[in-house]
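Work the whole structure out from these sequences, hints included.
Using the numbering used here, the letters of the sequence shown correspond one by one to residues 6 to 365.
A hint or two may mislead.
[What the hints assert, rightly or not] Restraint ranges, calculated between C-beta atoms of paired labels, are given here: (1) ASN186 x PRO208: 30 to 36 Å; (2) PRO300 x ASP143: 46 to 52 Å; (3) THR295 x PRO42: 18 to 24 Å; (4) GLU274 x ARG182: 41 to 47 Å.
Derived by calculation from the structure, the hints in this document are not laboratory data. Keep in mind the model is a prediction, meaning the values are calculated, not measured. C-beta atoms are modelled at their ideal positions from N, C-alpha and C, and glycine is treated no differently.
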Amino acid sequence: MSSFKPIGQVERPLRVVAIGGGTGLSTLLRGLKRYVPIQERRRRPRAEDASKSSAVSSHLISELAAVVTVTDDGGSSGRLRDDLNILPPGDIRNCMVALSEDEYTLAKLFKYRFDQGELQGHSFGNLFLAALCHITGDFAQAVQTSSHILAIRGRIFPATTTNVTLAAQMDDGSLVRGETNITRSKRNIVELMLDPAEVDPLPETLDAIANADLITLGPGSLYTSLVTNLLVRGIPEAIAASRATRVLICNLMTQANESLGLTASQHIEKILEHAGGAGKDLFDYALINTAPISPGTLAQYAREGQEPIVTDLDRIRQLGVEPVTGNFLHEGEVLRHDYDQVTHTLLRLCFSRISTAQTA
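Here it is in structure tokens:
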């Protein structure tokens, strides 16, 4: 891979805010962190990382902040949430691993799950965050303390520090409570809500958004990873008021129980609807994969009723969002975004916009 070459001349590196949850956000952070200066603790690179490390010739991102949803109520996170009355640590743990300088070793440690005794099913990373939460007395402080201990390249903010529960009105009029129950439901989601409804973000989150040059949302589960963040009071308004380059990274496939049958423009419409009045000015661009997916992978996902998201580009433009198309695929055991290609495209978009503004 060739080194990244920004478009035009810029006076300083970028300040970036990435919003989301689940594996989508942590995947994106792996690409973005490569352009953030390494902190005082420097990792020992593995041989397999050497080619990628040498490809990065400059630090194009000065500040990187991840805003992470905190509504998970299943698995180890859900058990700790119920037993210890703390926010679910799972998605934040994954972001810490993604931003760490020694991701290989830390991932093995933080993802390790105990297979017997009272700790069976718990991951070490979740317990680590839970312990720090009780030591510091504050979940947000626990996240920042652990980020300092692990010398991650970036900052991580929970979308809110209020212990919230997801609720969804379904297309049959029923109300389903809890993220796990919502994702298991066979009905289509009409509206997603938080309980309590009025919750606030951290002030640092709003500051990061206000000062950002680039803001991203996604990829991730339409409702339980993306919309949840926009239900936190002040976050969609801050994005709408920002002068940053604002990009939605569209999912590759529809998802059972969240977005089956929805086109790319319909994904955007659902997000804008849940953002309220701020939704009319939330995104400048939508990153959309147009590369073909292999027949074997398509067959694998078809067994779950999932299919590639239809890219109705004209309808996206009618929503006031400019689609940016390309090959953003990485096909492995599961289908993921190619974080190198996504990151390169995001940086080029942002630098190009800044360069145009400077010469206008």
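Here is how each hint holds up against the structure:
1. Separation of ASN186 from PRO208 is about 32 Å and conforms to the stated range, judged on CB atoms against 30 to 36 Å.
2. At about 50 Å, the beta-carbon gap between PRO300 and ASP143 stays in the expected band of 46 to 52 Å.
3. A C-beta distance of roughly 34 Å is found between THR295 and PRO42, which places it outside the suggested range of 18 to 24 Å.
4. Checked against the hint of 41 to 47 Å, the pair GLU274 and ARG182 fails, with Cβ atoms roughly 25 Å apart.
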